[in-house]
Amino acid sequence: MPKKALADPHSDPRVQSAVRFAAVTKMTEEKDSLTSDFKATAKIADKLEKKVVNLKASLQECKEIWKASSDLNDSLKKKMEDKSQAVDAAAKKVAEEHEASMAKIYKIIINL
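Residue numbers for the sequence shown follow my numbering, so the first one is 16 and each next one is one higher.
Since the hints were made in silico from the structure, they are not lab data. Accuracy of the hints is not assured; some may be wrong.
[As the list claims (entries may be wrong)] Pair ranges (Cβ atoms, derived): (1) Thr40 with Ser73: 43 to 51 Å; (2) His113 with Leu87: 36 to 44 Å; (3) Thr43 with Lys66: 29 to 37 Å; (4) Lys71 with Leu91: 25 to 33 Å.
Even glycine gets a Cβ: it sits at the ideal position worked out from N, Cα and C.
Take these sequences, add in the hints, and give me the full structure.
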């Protein structure tokens, strides 16, 4: 008895329907997985954005502190320069008074 030729299983509408259903199910699972990944990524992005905002605020605060420190340093330098000039002027005056006193003493000694 001759063997009956087997029909192509993919030509059966039930097989084609099952294959389509499996493909749609797989695509739906992949879509759900991608959606879940997207939501997780969006949450991470939100957290990073908040951290960036906080870092920008901290950086601005640091800039303001640096500016205040720099201004204070400049002010202190100016005061030190002013005091140094005042000390130099006082030292010069003392030296001049000392020279004048020594000149008076010298005149007194010469006139003796």
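Results of checking the hints against the structure:
no. : hint                          : result
1   : Thr40 with Ser73: 43 to 51 Å  : holds, 50 Å
2   : His113 with Leu87: 36 to 44 Å : holds, 38 Å
3   : Thr43 with Lys66: 29 to 37 Å  : holds, 35 Å
4   : Lys71 with Leu91: 25 to 33 Å  : holds, 30 Å
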